[in-house]
Structures are given as C-alpha cells and as structure tokens.
Amino acid sequence: MLSFLIFLPILSICVVLAMPLRRYYLHKAITLATAGIQLLSSVFLFASYQSGQGVQWAETYEWFSFSAGYLGTLSADYSLGLDGFNISLVLLSGIVLFVGAIAGWLTKENRKGYYSLYLLLCSSIYGCFLAQDFLLFFIFFEFMLLPMYFLIGMWGGPRREYASIKFFLYTLAGSLLILIVMIGLSISAFDPIKTATQNGITEIALLKPAMQQGRISASQAVHTFRFEYLGDASCYLPSGILSNASSFIWKGLSLREWAFWALLIGFLIKLPSFPFHTWLPDAHVEAPTAISVVLAGILLKIGGYGIMKIAYPFFPAEALHFSYWIGLLGVISIVWGALNALAMYDLKKMIAYSSVSHMGFVLLGISSVTVEGLNGAIFQQFSHGILSSLLFILTGVLYDRTHDRHIENYHGLAVKMPIYTAFVMVAFFASFGLPGFSGFIGELLILIGAFSSASSAGPLPYWMSLVSTAGILLGAAYFLWTMQRMFFGKFWINRGITWKEGLYDLQSRELLMVIPLSALTLLLGIMPAWLLQSYSSETIAWIQLIRGL
Amino acid sequence: MKTIILLSVLGIVAMMADIFKYRAVLWYLVLAGIGAAVGLELLEWNQNMPYYGMLLMDNYAVAFSCIILGLLFVWFLVSRDSYTGQEFNDADHYALILFSSVGALLMVSFVDLSLMFLGIEILSIPLYILAGSRKKDLSSNESSLKYFLMGSFTTGILLFGITLVYGATGTFHIERIASAIGNSTMPVYFYTGIALLVVGFGFKVSAVPFHFWTPDVYQGAPTFITAYMSTIVKTAGFAGFYRLFSTSFSNARMPELMEGTTWSILVIVLIVLTIVIGNLIAAYQTNAKRMLAYSGVAQAGYMLMAVLVSQVEDNTKSSLMLYMASYGLATLAAFTVLYYVQKSKGSDEFEAFTSLGKTNPLLAAVLTISMLSLAGIPPTAGFFAKFYLFTSVLKANPSLLWLVGVAIFGSLVSVYYYFKLIISMYGSDEKSTAEVPTNMAYQFILVAIVLIILFLGIQPGLITNLANL
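Respectively, the protein sequence lines represent chains A and B. So the mapping is simple: the numbering used here equals the position in the first sequence, first residue as 1, plus 6. So the mapping is simple: the numbering used here equals the position in the second sequence, first residue as 1, plus 2.
Derived by calculation from the structure, the hints in this document are not laboratory data. Do not rely on the hints blindly, as some may be mistaken.
Said to hold, decoys possible - If you want the ones that stay clear, here's a sample from chain B, every Cβ over 10 Å from chain A, calculated:
no. : residue
1   : Phe22
2   : Asn61
3   : Met188
4   : Gln287
5   : Phe392
6   : Ile410
7   : Phe421
8   : Ile425
Stated by the list, open to error - Listed below are the simulated DSS-like cross-link pairs for lysine-lysine, each with C-alpha atoms no more than 30 Å apart in a straight line:
no. : chain 1 : residue 1 : chain 2 : residue 2
9   : B       : Lys23     : B       : Lys345
10  : A       : Lys114    : B       : Lys347
11  : A       : Lys118    : A       : Lys172
12  : B       : Lys360    : A       : Lys34
13  : B       : Lys347    : A       : Lys118
From the three backbone atoms N, C-alpha and C, an ideal C-beta is built for every residue, glycine too.
Okay, chain B solo, but in the shape it has when bound (with noise of 0.2 Å):
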C-alpha cells in the first residue's frame, strides 16, 4: 500500500519536472524512488496486512511487486539512453510509465475485482498515449489505436465477466467468491462469466487466438515502450490472472452439461494454441522485433501452464515467479540491444545485427546469452524456468504429459528462430561493419544483467525458496 502512494507520489513528481525545471536530476529522483518503494514493499513481507477488504499484501502480492518494480529499476536504467536525445519528453514518459506501474502493483495485490479493474485500466491507458508517443510515425499511430481499440474491448469482456460472476455469487472480494461457490452447482452464466475472464485475461497476456494486436503494437511502438509493455506489464497481467484464478475459481465445476471438466479445459485450449501457433510464426519472422514479439506470445502459453495447474499445486507461484523474473530480465537485455542496433543501423530486421559479433562483442555476447535463456539452455536462468515449471505441472497431474510434451516441442521450434538471430550477429559479412556505439554506463548495466540471468540459472535457489508464500 505504502508502496503504491509512493509510485503514484513519484509519478506527480515527474510530471511536475518541467514546471519546476528539475528534470536534470528526474531519472536519479525516480531511481532512488524505486528503491525506496522495494525497501517498503520488503516491509510487507509476512505481514499479510489487509487494506479495507480491497487489496491483501500477502507474500504473493509481496514478491511479485518486487519482481515488478526491479523489471521498473532495470527498465529505467537501460531506457536512459533513449531520453536523452529530443525525441521524446522524457518527464511526460517517466510520468506515464510510473503511473501505469501502478497499475500493475494493484494488479498482483487486489482481493476485489473491482480494484482488479481499476488495476488493469490505470496499467492500460497511459500505455495507449505510449504506445503512440511518436506522434509523426504512421506506425506508431496505428499501434497506439490498434492497442486502444483491442483494450477497450478487452475491458468490456472482463467487465461482463465480472458481473456475471458478481451476480451469480453476489460480492466481488475473491475469497468470498470461492466461499460461495463452494460445493454447489452454479447456475450457468456464472461458468459464462469465468470463460468472458479467461478470455479477458487471454486478450491481456496476447495468448492465441487473441494475440492478433501483438505483434503489429509491438512492432510500432517506440522500443523501450515495447520492452515495458512485454515485460512488466506482462508480468502484471499474468499475476493477476494467476491471483484470481487460483483463489476463487479453484473449486469451481462445470455443470451437468461438460461433467467433470474445469475452466481448466479452456486454458489448456489456450495453451496449446498458443505455444503451437506462437512458435511457429515466430519462426517465419525476418524482423527481430516482431520476432520478439512473436516469442512473447509463444512464452505466455508456458506461462499460462502455471495458470493452468494453480488449483492443485501449490509452488507454482514460484515456478511462475522464476520464469517471468528469467523471462524478463532476458526479454529486457533483448530489447536494449535491439534498440541500440536500431539507433545505429536504423533497421531491426536480422540482417542489421550481421557481424554485430566483430563490431560490439559486447552487446553481442549478451544478446547471445538472453536469447539462450528465452529458448531455455542450460546455465542460464530460463533452462531453470522451464524445468520447474514442467516438473510442477507433471506433479500436479501426470496425465498432463503430453501438454509437456507439446510445449517441449514448442521450445524446440523456439531454438531455431532464437538461433537464427545468433547466427546472423556472429555471421561475417563484410558490406556491415558500421560500429554500434555503446556508452561504458549502460555496457556494465547490461553486464549485470547477464550475470543475474547466470547466477539464476546455476543457483535457482534462490526464487524458488521462497515457494511457501
């Protein structure tokens, strides 16, 4: 709680700079900010505190907001660069940013889906102004509609989701819900309003079929707007969807109707379709920022299996948390790499990162060692994501193997077009050697970062310790 009047605080600040012309000193003031609101939010830990029946900072809400709000300190050490040309404002975006953040804090620590809502559209609508920030570029425009048409209908959705599920069960706090289902057949429009929720949820997290605004926002959105919303706001949604899902509907069953099924039958729809499809269109991308943005839809259906199996299993909180900490952290290392080659060769097809290995090993090297931890090879944090996260659904439910089998087939199509952008830097082509300039600053930033992505994948302990939330 303190921590989201601090965020929403430190965002007013940011939106004063201009005003009372300290913008000079904002970036270190919004570091400093953040590091602040994790230190409050470590406070929380094990305090369970409730906040008037509308959200709970349990140690789920806990550690979850952590993992945000470190996305948010990496995300504004590595977008420096990109504000301190004239570009953009970076006030107005440092303003916008933390306030959509706040979003995503009530997102992961909502008992009530009112506040729920609110989460999702404070996290939302300063992301359709992002999203088209830059304002004389056809492409960023269409982003910015595109994403605000498909959110507004997503918003609608979710509302008539949750009324339904309020009038079935008459309260919106979502362990009354649960009470309330109990053991008792539901009428039927309260098993409509779990699948409008599914499929709220499913257009946030861009699972297929509802994934189609994706790739085309990503793609025309300013880069680290692209990296924010792939990430955090990624995060956000998913522990929010996890939250929800795992505390009320646990129990709930279907009717007479499809007897013995759960709305689990729709998420495993989605999971599948998702890494299937995902993956497969990843594979056909010559542009390595839409095949990024493919490779977020793909990882969103290993994700969703984390979803899938909350109602049985308890520590897949923190195979979930294992794998959007690796998930993001290397997506971010991704994405700052991209834009540098973006800023020096102006392109983001592959053929701009050819020989990226002789010009900036650097910058190379860790693009390599992100792309290795998306597709999930050993030692880097994401091989460590994806094995617990298989091992938890294989506990849960040992029929569920081939779902495992089907996302190990999907990780193998991943290799290939992760690998594909490897081969391309280290490939030698001589018409290509413009220098990618980088500045020492930001080389040791992102250095750290691989070194985290190492360090999770050889000492996972360290997340998934915490599994007794």
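With the rest of the complex left out, here is chain A (with noise of 0.2 Å):
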C-alpha cells in the first residue's frame, strides 16, 4: 500500500512522458488524477491508522549490504510504515499536493516537463514522509530538491535562476550535513536481528548483552540504517564513535553534541529557523504558485519533521542539553520573522516572512519537552501546511489577474472582488490565531507548552512564552494591517499595473481550490481531536525518551 503511493506517480511519469506533447490536457488529467488517488489513499491511511499500536502498513525488503572489511557488514533496508509522526503529515501531502495540481492547471510553457516533474516531487515527498530507513529518507529527502529546483528555476519569475540555485545550495548544505551525521550514526550502531542471523544466535536477548560487552566482536556486526534501531541506545556498539560511551571531546563538545548539531542544522535549514531563513523569501517569490504552495505546505514540514522523528529521539541526552537554544532560535525566529512580514512590500514574501514567523513556534513547540508542546508542534505544522497554501493560492490569484503583487499598489479591493476578500480574511483570520481557527489551536498548544516547559523543570524560561506571544500580536498587526491598505476603503489602483484581463472575482477552479482549505482549517479550529487523537500516544512515549523518564 505504502509503496503504490510512491510507485503511482513515477508510473504516471512514464505515462504522461509517452503521450504525445498535443494533448496536453491529458497529461494534466493523469497528473491531477494521480494526485487525487494519492489523496484518497492517505485520507483511507489516516481513518485506518490506531494511535499507540506501533508502526502500521509496515513494508520492510533488505535493499543492499555489503560487507566492510573488519568493521563489519553495513546493510540498508527499504523500509516504509505509519507513526504517529508522519501520519498526519502524510493527510497533509495528500491535500497540498492535490491543491497544487489544480493550480498549476493553467501552466502554458513546457506542459509536459512541468507535470513530470510534479508527478516526481510528489513521488518523493511520499518516500521522504513514509521511509523508516534513515538512508532511504534521506535519499528521498535529496532527490526532492531536484524536481523542486526545476519546477523553480525554470517556471518560475524574472530572478528564478539566482532564487533556485541559492534554494538548492542551502538545502545541499543541510542535506551534506545530514550525511556525515547518518555515515557516522549507522556505523556506530548495529541490526540485532541481522547480526544475530550472522552470528548464529538464536536468541535476539542474548545479543544485545553480548555486543555491548564485546563478546561479539564489531567486526561480525551488522550495521544499520532503520530509524528503530538508530533511536535506540542498546543498539550501539560501545565501540562506536558516535555511541554514548565514545569520549571524543573537540573544542569542548563531544562528538555526539557536534552531531547533534550537524543534524539539527541540516533540519533547520530546512524549516527554516533564523538565521538559516533566508533562502525562502527568494524562493518563494520567484517560484510559480503551485510550487509555492508545495514549498510551504509540505517541503518546511520535512524540517519539523526530521527534527521531531531523527534529530531529538536520537540525540535525547544532547537535545534536552540544547533546548534552551534551540527554543531561543524558535523565540528568534517568531520575532525576526514577524517583524520582516510586517516590513515587506510584496505580498508574497511578507507571506513568505510570515512563514517564518509561524514555523518558529513549531521549534518552540518541539524544544519545550513537554506533551502539550509537542503535540501543539504537531498540530501546527498540519495547520500551517493548511493555511500556507491558501494564503500562497489567495496571492496568486491576485498575481494572475495583475502580475502586481505590491501591497501599496492596491486599496479598497472588497469593493472589486467581494468573494476573494472574504477568503483572505478567512485566512488572515486564522493565520494569525483567531479563536475558532486551526492556528489558534496549534499556537495555544504550543505556548501551554512553553510555559509548563518552564514550570515543570523543563528547558525553557518564562520569558520566551511571554516574548513569543508577543509575536502573536505582531501576526496580528501585519495581518490586519495588509487588509486594511489592500482590500478596504476607496477602491483604487496603481495606475502603472497592467490590466491584463480585469480584476474579476474568484472563479470555479479557484473556489475548488480555497473552499476545502478554508473548511478544514475552520474544522481543525473547532473539532482539533480529529487530529490530535492521531498520535496522542506517540507523544507522549517521545516525551519519556527525551526525558529520560
């Protein structure tokens, strides 16, 4: 099951490739409908999905092992299955990726390049989400940057080819990192059931002990990838340069504490935290809307993420040490990031500075160690992959009709275009925190949260709760400011704007897209169980392994 959702679209590739290059509309259709039956399948995955019992639709195949010299057999599994942690972010792949086929239906230059290379992304956002091989995630989670960077650099705006090839390079640099980190993790750590299949023992109880006292030589281990086995401290040989008993001290962190931090910058490259942030103003900006839409709801969640699934459960001793900084790069980020949307001129990237702002919180959520946090995090990155897209597909229907996107170029809007203004208010509204919307629920969460981190021994003080609800009000100001310059009051327009086809309101195509985003983000607001009920148990063992409980 899991792999037809990563094997459907690079079928649909091989389709659409061998239609001819007329029948364009063709090669939307397959496009749109592979995304909608990859919807359906996760919608049917997380009604199927039980929180608390594990990892679910598990496939696991030994890809390849080889054997190392005397340090060993390293072996990579293809693994996939459902946690509690990419659950939700696979429902929300499903939604994105379907609302992104229908905006890039009017995509005129290169039909057929663009809808392969779509089909291409979602094929790998699936196996990045899905992977339980720290190998295959991060083959998926590298290949994903290529589609990414065509779709931006050759569909993209007037600066598209300096916004795509800073996008790559950043997010090479994170991924580089990330390497070294998972080269030095699987050959530290060892597969149990292998290795004992190797050694001929029987009982896997017995090889644990007998690795850990050096009964079994390292040279006889087999090394491994699988996120289970890495997130497990028996699992690695006392040998092992990044095991806990390695006592390698550089420049006064040790090696594990330099890992820690390799990884945890590859990941908030990724989010992205201040001060790693600025590549996605560019991005954003230059790429087509449908790519932005994707950009924001799905590729900054991969940050979260891997920061919640690889870098934490991994490092627990080293994460709990650092949350103090990483929650002040969160607070950072929160502050920075508002106070940029609230600067900006363009639309887009205030909504783009903005993004900034808001996944902040899913790192503060993350670094304050407590259940509501996290589960807030968690909550957050769902509600933001949600509001994101709306807020990205509001703009460019603005975009479409003008090629303008300058807020001072606009005023009183409502009276043009009475329909949009109420979606941008829509999601204005809940972009900020109102009450009632789904971003309420994940900012509450996340700054319970905070303060509990503060008074329950945790990492965080109280200041950074109270500075980041300030950032809130910041959401607010830049929000509510933008409305009132671009949409109330006299109607008037730039006059320098070019009326390419009139300022007409939404259409059915772009209803299609912004009703449904707008209903979940209003149902997540009202009934948020339907989604946290999804990994509450999940959270909660995160927490005692962080802990150290």
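With the hints as a guide, dock the two chains, each given alone in a separate frame, to form the complex.
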C-alpha cells in the first residue's frame, strides 16, 4: 500500500512522457488523477491509523548489504511505515499536492516537463515521509530538491535562476551535514536481528548484552540505517564513534554533541529557522503559485519532521541539554519573521516571512519537551500547511490578474472582489490565530507547552513564552494592516499596473481550491481532537524518551 | 596477460588496416576484440596468476582491467561519429588508443616497478601524438607540446623516485619492498623517493598543485581524445597509484624528524588543495570543456582519499572502483554530448548549450543525469560512489572527519558549476535554436550509459560486493 503511494506517480510519469505533446490536457488530467488517488489513499490511511500500536502498514525488504572489511557489514533496508509523526503529514501531503495540481492547471510553457516534474515531486515527498530507514529517507530528502529546483528554475519569475540555485545550495548544504551524521550513526549502530542471524544466535535477547560487553567483535556486526535501531541506545556498539560511550571531545563539545548540531542545522535550514531562513523569501517570490504552495505547505514541514523524528530521539540527552538554545532560535524566528513581514511591500514576501514566524512556533513547541508543546508542534505543522497553501493560492489569484503583488499598489479591493476578500479574511484571521481556526489551537498548545516547560523543570524559561506571545500580536498587526491597506476603503489601484484581464472575482477552479482549505482550517479549529488523537500516545512516549524518564 | 597480448595484436591489426584495405570493418573488429579481451580477463578471476615476477593477475588487477576495458568499449562506441568524417584517420587513431590501453592494463597489474614505469610510458607516448592530431589547430599543437613536456618531467621525477626506493631496498618488486621495509627505519633518501613518487603520480592524475597542464591540454586536444585522457588514463593512473602505495609503502614510517607521520601527510595536503582549488576554479569557468577539465581535477581529490586510507582499510579498493566506474561513465557521456554540441554550434562555451533542452531533449537529459552523477546527487551512481568513499574514510580513521568536511564543502561548490551547465541547457533563448542532430544508434548508446548510471545508483551492491578482492 505504502509503496503504491510512492510508485504510482512514477508510473504516471512514464505515461505522461509517452503521450504526445499536443495532448496536453491528458497530461494535466493524469497528474490530477494521480494526486487524487494519492489523496484518497492518504485519507484512507489516516482513517485506518490507530495511535499507540507501533509502526503500521510496515513494509521492509533488504535493499543492499555489503561487507566492509574489519568493521562489519553495512546494510540498508527498503523500509516504509506509518507512525504518529508521519501520519498527519501524509494526510497533509495528499491535500496539498492535490490542491497544487489544481493550482498548476493553467501552466502554459513546456507542460510535459512541468507535469512530469510535479509527479516526481509527489513521489519523493511521500517517500521522504514514509521511509523508516535513514538512508532511504535521505535519498528521498535529497532527491526532492531536483524537481523543486527545476520547477522554480524553469517556470519561475524573473530572478528564478538566482532563487533556485540559492534554494538548492542552502538545502544541499544542510543535507550534506545530515549525510555525515548519518554515516557516523550507522557505523556506530547495529541491527540486532541481522547480526544475530549472521552470528548464529537464536535468542535476540542474548545478543545485545553480548555486543555491549564486546563478546561479539565489531567486525561481526551488521550496521543499520533503520530508525527504530538508531533511536535505541542499546543498539549502539560500545566502540562506535557516536555511541554514548564515546569519549572524544573537540573544542569542548563531545562528538555526539557536534553530530546533534550538524543534524539539527541540516533540518533548521529546511524549516527554515533564523538565521538560515534567507533562501525562503527568494524562493517563494520566484516560484510559480503551485510550487509555492507545495514548498510552504509540505517541504518546510520536513524540517520539523526531521527534528522530531530524527534529531531529538537519536540524541535525547544532547537534545535536552541544548533545548534552551533551540527554543531561543524558535523565539528569534517568531519575532524576527514577524518584524520582517511587517516591513515587506511584496505580498508574497510578507507571507513567506510569516511562514518563518509560524515555523518558529513549531521549533518552540518541540524544544519545550512537554506533551502539550509537542502535540501543538505537530498540530501547527498541519495547520500551517493548510493555511500557507491557502495564503499562497490567494496571492496567486491576484498575481494572475494583474501581475503585480505590491501591497501599496492596491486599495479597497473588497469593492471589486468581495468573495476573494472574504476568503482572504478567513486566511488572514486563521493565520494570526483567531479562536475558532486551526492556527489558534496550534499556537495555544505550543504556548501552554512553553509555559509548562518552565514550571515543570523543562528547558525553557518563562520569558520565552512571553516573548512568543508578543509574536502573535505582531502577527495580528501585519495581517490586519495588510488587510486594511489592500482591501478596505475606497477602490484605488496604481496606474502602473497593466490590467491583464481585469479584476474579476474568484472563478470555479479557484473556489475549488480555497473552499476545502478554508473549511478544513475551520473544522480543525472547532474539532482539534480529530487530528490530535492520531498521535496522542506517540508524543507521550517521545517525551519519556527525551526526558529520560 | 592474454588480454595484454590480445590488445597489442589488435593494435597491430588496426595499424595494418590501411595496407590490407579493411578499414570499413575495423571498428567492428576492434569492438569484437575488446569484448573477447573482457572474456579472457574474466577467466583470470580468482586465479592469482603471476607472470615472471613482473605481473600479477590478482583480483584487483582483473577488476580494474575490466573497468578499463569496459570504458574503452564505451569509448569506441561513442567516438565512432568523429571518425566518419575525413578529419582523422581512424586506423591510426585506433591503433594508438589500443597501444595506450595496453599501457593502462600494465599499470593496474604490475608487481615490478620497472614494469610500472613501462606502463606509464606506453600509456603516455601515444597520447602525445593523439593530443596534437588536429595538426592545423594551434591549440591542439599547444596541447600536445604541453602534455609532452609535462609528461617528460613527470617521467624524470618518477624515475628518480624509483631509483631512490631501489637504492634503499635493493628490489623493484613491490611486495619485496614492503618486506624490506619491515619495521626498520629507512635512510632519508628512501622517503625522498616516496615523496618523488607521490609528486610523479600527482602529475599523472593532475592533483593540485601539479595540475597546471590539465586545462590547456584537455581543452586543446580533440574532444574524444580528451574524453579518453580524463577517464581511462585517469583510472589507470589511480589504479597504479593505489596498487603501489597500498602494497609497498603501507608500513613506511617517517624518520625521527617527523615522528608518527607517514607519507599520508603529503597525500592529505594534495587532497585538500585539489578539492578546494579544483572546485573553486571550476566554478569560474565559462567554457564547458574547460569546466569538465577542472571538474576532473577536483574529482581526483576525492579519488585520492581512497589512496590515503589504503593502508588501513581493505574495502577502499571497491570504493575506488565504484568511484572510477561512475566517474568514467558520467564523464564519457558528458563529453559525447559536448562533442555533438560542438559539432553543430562550433563552440563549447556554456552559451552553446542554451535551449538544448528544447532542440534535443534526449541529449539534454543525458547531460543532466551525468552532471547529477558527477555532483553526487541520488539516485545516481555518483551519490553512492561518494557515500562509500566517505564511509570508508571515516571508518578507517574517525579523526579524518574534518577531511570529509572539506570534501563535502567541495561537492557543494561543485553542484554550483554542474548545475550552471544544466541551467544553461534549459534556459530559453530564442536566438539559438540550431538543431543538434544525432544518430539513432548513438542515442541508444547514450541512453544505455545513463541507465547504467541510474542502475548503479539504485543497486550499488553490484560493484561494492566485490569488496573481498
């Protein structure tokens, strides 16, 4: 089932590539159908998922293994599965990719290439979320950059080449840091089942002590990339360079601490958090609407997912130790992103900075190391995925009509486009956290987490939660101010704008995208338990692991 | 051994083609000959056959010979088009290339320093001629002369190094050198000899700071000769380098003056310089051929990492092998595309590639995938080649983490210039819409190469499982 989600788009690519160029409507239809099937499958998976029953729908096959001389065997698995951390993101991917397929409906240039790359993106996003093996995750993680790079670089705005290479190099720098740590982790850890089989031990329970005490030498170990073993301290060789016993110190930090930061920075770039966020506004401004939607709606979430799923559980002690600083980065991102958004003239850039601010909340929630905070962070990831998709689609609507996104060039748009204005209001209000919308729940839970972190001997002090609350205020300020400048008052428009097709209101294709997204944010705002219950018991286990309870 | 004889005979057959008038079928003859040579080579697998204390056909030699012959086969397939015109005499060229490849085979299977030296000379001398084979072109002549002068210097340095090592150990046999060293401290001139050998091989594999000849020679020589030089010659150079240093000098400890260090310090300096400078200069190039030349220099830095850890880790052999195969295939594919672009547009600047994505999507896709492989992006062979290499370096010596960091910085820079070429292909420029015609057969070959690159990226175990050579 899960493999089907990854390989269906690849099959569709083959079909798209085989179709002649002039049948472009078929290319579109196949892309939309593929995204639709993926959406339905994701909904089905979400509905069937039961929290607290371990990894579900698991598929594991050996991918390759090779002997590496005196350091044992290196083995990688093709392993997929659903757990509490990726189930909500799988659903989100289904929704956002489907909406993105509709948003890309009117692509005119080189349609065949566009839709093939879009399908490739669909495949690699699912692969990245579903992988339960670090190497597999990494390959999809890095492979995702390619279609993204081409989609921004070939169908983007005027400065697309600069923006796409900047995006690529930033993310690649991060993923190379992840690569080093991944190698280090895998050569320090072992796969108990395969090692037992190789050494003829039938009792798995006997194996771990034998490895720990060195009765089985390192050269007989089978190294692994599986998440479940890398997150288990008893699966590390005592002689491994990244095991707990490693005493290597460089510049005052142990090797494990260095590795944690390298991994964290890799994901912080993707998130993006201050000070690694500068690629995001450039990429968003140049990307076509559909790609902005996917970028903000899904790709940023991989950063948060990586921190929750990889950086924290693999290095629990280090993570707890440095959570203060991670929380600080979160707070700075919240305030810095909001202040930047306040200063932007370009509507799309403003929304991009608001993304930085909102993803800062995710970081704050994770670093609070409380159940509320982590629940809020996962919720905020989902909610922000829906809301930022909505915001970028609405920006795209205006841009399609006038080819101009400058906030000060518009005034009183509500007169000409009332329905549009209504949806913008929903999106803006939901984004700055008005109660009744999903954004409120996420931020509320995160702030509760941050406060209770301070009161329950957690890593974050009180002032961080207070300052973040100020971030919400700033959020309300820039959204409302933009609202007031662009939509209210007497209708006026800058004469420099070429009226391409006139300022008509939303059309049915656009309504098809914005109505479900708006409904979803409202639904989640009223019934948050619907999403929260899908990962409730996993977050508790996570907190126990990190806090070492 | 049989392969070497067969290839030499094949060279002579090629030379006679004009006299006995079978030039028309020569190409097929050569391809069949190389195919037979691969078969003969495979018969020697696991045989460990020594030949008069000069050659030893161990599995290392067999595996590298197969890679060289495989690349040679691909080279003959893709270079056919440049010999259909009147510009070059294919019989002469084929003979020289085959002789040169005999040298390459000697360099991967020697156990005697004198034969290694002969191998290098046999490899190089035909190339001096080939580099200058565009007789009326000034840059081709420059290329030939530069290559010749630099090659002669290198030869001198290598010979001097061999002499000093011989003087200290009293033998040319690489295993006996190792046992002569044992645990004893050698005289200073022995280490000087090792240093000179490093410098000599550094020239051959164009490691910084011995790379100055590379860009000019690569740019001036005819494109397919450049492709030959940057793949097969480089593979042979590295295979020889690795074989000599991992067998003979893995125990060589420096005298009191540099307590605790080995020749690896020299190689580390070469690696850092090669990766940093090679990549940075490549990023500034505007000419695709020159960019590929510098990328070859930069890639040599990564391959040197395998030589560096050869003394500790056994499986670096297979890392080096995977790296060589992936680099060789990607480079051959890239040069082939470059050749067609050059042929139709008369230029090999980046601008000549503009809108290739529209006029010939297949060539553009081939070049894209080979660039991705060179940059090390999954799921291409290049990613796993780098991945295994870094893994084996880290395993051999975790304190070399900083070196892996440098290498990763280098590959980050390399993404920039490899992608510059990709961008220029897909950039839309209405002016240059000249067609880049290709023949169906060559397209088929190129697609096959790309599929191999992708296949090795998904199933790298194919080559790495040869670890226990």
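So, going through the hints one by one against the coordinates:
no. : hint                : result
1   : Phe22               : holds, 48 Å
2   : Asn61               : holds, 14 Å
3   : Met188              : holds, 27 Å
4   : Gln287              : holds, 16 Å
5   : Phe392              : violated, 6 Å
6   : Ile410              : violated, 5 Å
7   : Phe421              : violated, 6 Å
8   : Ile425              : violated, 6 Å
9   : Lys23/B x Lys345/B  : holds, 29 Å
10  : Lys114/A x Lys347/B : holds, 29 Å
11  : Lys118/A x Lys172/A : holds, 25 Å
12  : Lys360/B x Lys34/A  : holds, 20 Å
13  : Lys347/B x Lys118/A : holds, 27 Å
Checked against the numbered hints given earlier, this structure breaks hints 5, 6, 7, 8; the rest are met.
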